[in-house]
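**Student:** What follows is the residue order along each chain.
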Amino acid sequence: MLKVENLVVRFKSRVGVVRAVDGVNFDVVSGERFVFVGESGSGKTVLAMALVRLLPNNATVTGRVIFDGVDLLKLSEKEMRKVRNCKIAYIPQNQASLNPLMKVGYQCAEPLVEQGLERGRIMRKVSELLEFFGIGHRFKDYPHKLSGGMRQRALLVMGLSREPEMIIADEPTKGLDAVKREQVVEAFQKLGRRTLMVITHDLPFAEKVADRIAVMYCGKIVEISPAREFFDCPLHPYSKGLLESLPERGMNPIKGFQPSLVNLPEGCRFRERCDLSTARCAEEPPLLEVDGSLVRCWLYADEMC
Amino acid sequence: MVFTGGGIILCILILSCLAPIAGDPCSVNMDERLSPPSFKHPFGTDQLGRDMLSRVLHGGRVSLIVAITISLLSMVVGCFVGAVSGYFGGVVDDVIGRIVDVFMSIPEIVLNIAMVGVFCAVYGVSTFIVIFAVVFTNWVGYARLMRGMVLSLKEREFVLCAKAIGAGEWYILFRHIIPNAAGPLIVLATLNIGNVIMTIASLGFLGLGIQPPIPEWGQILNSGKNYITTAPWISFFPGLFIALSVLGFNILGEGLNAES
Numbered sequence: 001m002l003k004v005e006n007l008v009v010r011f012k013s014r015v016g017v018v019r020a021v022d023g024v025n026f027d028v029v030s031g032e033r034f035v036f037v038g039e040s041g042s043g044k045t046v047l048a049m050a051l052v053r054l055l056p057n058n059a060t061v062t063g064r065v066i067f068d069g070v071d072l073l074k075l076s077e078k079e080m081r082k083v084r085n086c087k088i089a090y091i092p093q094n095q096a097s098l099n100p101l102m103k104v105g106y107q108c109a110e111p112l113v114e115q116g117l118e119r120g121r122i123m124r125k126v127s128e129l130l131e132f133f134g135i136g137h138r139f140k141d142y143p144h145k146l147s148g149g150m151r152q153r154a155l156l157v158m159g160l161s162r163e164p165e166m167i168i169a170d171e172p173t174k175g176l177d178a179v180k181r182e183q184v185v186e187a188f189q190k191l192g193r194r195t196l197m198v199i200t201h202d203l204p205f206a207e208k209v210a211d212r213i214a215v216m217y218c219g220k221i222v223e224i225s226p227a228r229e230f231f232d233c234p235l236h237p238y239s240k241g242l243l244e245s246l247p248e249r250g251m252n253p254i255k256g257f258q259p260s261l262v263n264l265p266e267g268c269r270f271r272e273r274c275d276l277s278t279a280r281c282a283e284e285p286p287l288l289e290v291d292g293s294l295v296r297c298w299l300y301a302d303e304m305c
Numbered sequence: 001m002v003f004t005g006g007g008i009i010l011c012i013l014i015l016s017c018l019a020p021i022a023g024d025p026c027s028v029n030m031d032e033r034l035s036p037p038s039f040k041h042p043f044g045t046d047q048l049g050r051d052m053l054s055r056v057l058h059g060g061r062v063s064l065i066v067a068i069t070i071s072l073l074s075m076v077v078g079c080f081v082g083a084v085s086g087y088f089g090g091v092v093d094d095v096i097g098r099i100v101d102v103f104m105s106i107p108e109i110v111l112n113i114a115m116v117g118v119f120c121a122v123y124g125v126s127t128f129i130v131i132f133a134v135v136f137t138n139w140v141g142y143a144r145l146m147r148g149m150v151l152s153l154k155e156r157e158f159v160l161c162a163k164a165i166g167a168g169e170w171y172i173l174f175r176h177i178i179p180n181a182a183g184p185l186i187v188l189a190t191l192n193i194g195n196v197i198m199t200i201a202s203l204g205f206l207g208l209g210i211q212p213p214i215p216e217w218g219q220i221l222n223s224g225k226n227y228i229t230t231a232p233w234i235s236f237f238p239g240l241f242i243a244l245s246v247l248g249f250n251i252l253g254e255g256l257n258a259e260s
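Chains A and B, in that order, give the protein sequences. In terms of this note's numbering, the first sequence opens at residue 1 and continues consecutively. In terms of this note's numbering, the second sequence opens at residue 1 and continues consecutively.
Since the hints were made in silico from the structure, they are not lab data. Beta carbons: idealized from backbone N, C-alpha and C, even for Gly. Any given hint could turn out to be false.
[To be verified] List of simulated lysine-lysine pairs, DSBU-like, C-alpha gap at most 30 Å: (1) B:154 x A:140; (2) A:87 x B:154; (3) B:154 x A:145; (4) A:103 x A:82; (5) A:12 x B:154; (6) A:103 x B:154; (7) B:154 x A:82.
[Claimed, not checked] Okay, the calculated beta carbon distance ranges per label pair: (8) A:3 x B:151: 36 to 42 Å; (9) A:163 x B:111: 55 to 61 Å; (10) A:113 x B:42: 54 to 60 Å; (11) A:117 x B:91: 34 to 40 Å; (12) B:151 x A:40: 22 to 28 Å; (13) B:157 x A:14: 22 to 28 Å; (14) A:106 x B:109: 43 to 49 Å; (15) B:101 x A:58: 25 to 31 Å; (16) A:1 x B:91: 36 to 42 Å; (17) A:232 x B:184: 52 to 58 Å.
Same shape as in the complex, but just chain B (with noise of 0.2 Å):
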């Protein structure tokens, strides 16, 4: 399973690294407009006759790059709440189980949309805001996790072990505790690295996301949507490349479970 996830994603890795052979994504040809898939242009082109596979793999490097940031900021963010959470307990942990309830209580995708809405009202549109927005509600996950391992793993010998050679409650909390957190969280951050795809992807798709000239997967479905029935690879492509990726994701996630 690690295999067959891996390797979906380093296709999706090395062909949107390609990108640049297939072609400037944003040339205008209004004469090429439409067109279905053929030699000259593999996944056709869209409305103004931009060629579709260098928008998709151009799409592609958006969409990993800013899932990939997303995620690991939220890992960054969650894993020393969840760890200061489960570490100092007490007043601390309660104050910090009920803002995570919160967050918890409210859909996330509505919270995006939210929170892009508002700052992109104050501080103009910029791929920053979906970046923050979507890390302010996705860090949950990890601190609920990193709580629950610090929790178990605080009660272990080589923590009492370091607490008697006399180290610090931050020494141990970052040199004993967090690194044996390392498994769980792998895997938590791969199968996330999926769902903050489909996030961005259907606030692409809203279009609240990433915003044009920038090619991104949900917004160039989203642009699609009006020819589906005539020019329906225009949606098709970018589609499949975001079930693709998930699919990879997930698979991977999985099988690193299955293998800790």
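The following block holds chain A by itself, in its conformation from the complex (with noise of 0.2 Å):
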């Protein structure tokens, strides 16, 4: 359904230029739901944004978007602007989100408005959905009386209400204590079926979403695997290391910082931080499949030999 294909983000900085998205490749077939984790500043957003091209006019993409057979990146504004209303919903981080002047139920209205269906039958609809997510009787309320939590189902509502072939969430449990968490979950278990590509940094939550997780590290894709294969045999050092860091798996975190996505460093960008780091990570390892996931690591280049 989507295929994205060497999809590279370069922004402009004083210091030099930033590759915060480098070369990245993966596809999210039909019906799935398609996770990334990695570390703030890993790029997740930034892809993200970059796949329904919201980013600001400093960013340059480059690679291809291919989304039901069409390149997004070379759509016009308008046509794009008809694919973020009605095909690929893409739910911005954090409750911010949220017009503080425009009551919930008519802003959660707003992409059936711009799809311009009959009145009554956009009310109708946003009030079903908001009844569904447990939020009915919030309709006529600005934001700021509802709760993070609240506020993370109506974006959730605004998203599924144009009633679109995929949603992409922006970290939907950003800031959320485990009991707002929870309902996230929930709200996004009752979604069925529906393409999804969720981006966080909340592992706990990965595991209850996702079927497939993509690990990204300094703009890159480290690992792709299966969910239950990934919580359970992570391959990659850097996902073990994610992992291992949880508070119910040791609480180790992985020793030193992420590198400056100006100047990194030759070969594996991980290779500072891992303990099973050789002489050979000097050189920027391939992405190998591996019992049907696909990992980024010398480890298990000699497995294949």
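Mind assembling these two chains? They're in different frames, but the hints should get you there.
**Tutor:** Structure, rendered in structure tokens:
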């Protein structure tokens, strides 16, 4: 359904060119729930925004984003608006995404107004959806009266109301406590089999919703695995580090810091933080296929020979 | 502060509304010319024996209506220009920015006088020309405020969200950005009405504003200046009302600013 080929996003900055997303390839099949995980600053959000072309003008995006056979990067702005309105619903991160001066219900109805539907039908549909997510009584409230979890669900309603072919949700659990996170998880589970791409650094949340997991590090995908395999036995040393940093798995954070995206180390970008690094890691590892997963690490190169 | 300022303005507004009760501002009575304040004429009479109370209150109607009209028109023009400039940026912003700079570099009153002079010479004297001339210089402040507001508002999350649902740029500008700039705009508009009252009175005083027989504060003040030693009440009362209304709008504006 969605196929991304060699996507590169560069930002010009005073210190040099930042390659926030550096040659990313992946595809999401219809009905799948594809989850991106990674540290803050690994390029997840930039990647998602690049897909729907919402990045500011100082970003240059190259590569191909094929959605239903059409390269989104080649569409005119007007056609792209249609795609954003009807086909791909991008749900921005955090709950400041609601206009403080607009009542929640009307705001959720905006995509449908844009589609030019009849008013009565729009209102009925939006109230049904709000009801479905348990915030039907909030139709005529302003966003500041809603809790973070409610706002997140309202954003989800806004995304769903237009019946998109695909939803891209950016950090839907950002800044929520455990209870409200649970509400969001429930909301996502209510979505049924819709094509979903979720970006998060909340691993427990990812475990609950994902079919497949992609791990990003410094603008590159280092591993793509089916969710069960990923949580049982992650392949890439970075993925292992991520999981081990969870409280229930020992809370051992990965040593060191993510390198600056302006001057990245040669070869494997995780090399300097990796316990298993060898001389070979000075060379850029290819994305290798191991038992149905993809991993970018030299450790698995030998097994293939 | 909001109540003090609002109260002063409300009093002046009510008095202006009640102006017809005070009689005809234009009825000449030479027998009673230059008579000091009394029970019959609480504010005295002018050199033609016209009742000053009635003239000042009728003048208030004119001054307030014209000032509010000018302020609103400037707001519409300035908001639109500033919002477009801030939202679209680039060349549009540069061009508008330079135009605004030109307006800012010339003292407003000089430009007003020039505008009134030119247009009156071409089209004859009318209140509309005064309104137009003042709006012509007055929109700049709104444009600058609006541009700044839009620059910060357009980076807000909800604008991104609106883009993500496929909304068009004008829709985002009018539906999401401009309403969120309303608070500071209302403050500016309130303070601005005070300034505009002063500008109109200044033009009136110079004989370039609203023309007789329509009574207007600045123009009445001017007509009294020859009698300032013998009949000071002719200039005193319009002057007092100008000062009070400007004060009222300023206090209200400051109060609103502190509240928001």
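**Student:** Determine for every hint whether it applies to the structure shown.
**Tutor:** Results of checking the hints against the structure:
no. : hint                      : in the structure
1   : B:154 x A:140             : 25 Å, holds
2   : A:87 x B:154              : 24 Å, holds
3   : B:154 x A:145             : 23 Å, holds
4   : A:103 x A:82              : 24 Å, holds
5   : A:12 x B:154              : 21 Å, holds
6   : A:103 x B:154             : 20 Å, holds
7   : B:154 x A:82              : 21 Å, holds
8   : A:3 x B:151: 36 to 42 Å   : 37 Å, holds
9   : A:163 x B:111: 55 to 61 Å : 56 Å, holds
10  : A:113 x B:42: 54 to 60 Å  : 58 Å, holds
11  : A:117 x B:91: 34 to 40 Å  : 37 Å, holds
12  : B:151 x A:40: 22 to 28 Å  : 26 Å, holds
13  : B:157 x A:14: 22 to 28 Å  : 25 Å, holds
14  : A:106 x B:109: 43 to 49 Å : 45 Å, holds
15  : B:101 x A:58: 25 to 31 Å  : 26 Å, holds
16  : A:1 x B:91: 36 to 42 Å    : 40 Å, holds
17  : A:232 x B:184: 52 to 58 Å : 56 Å, holds
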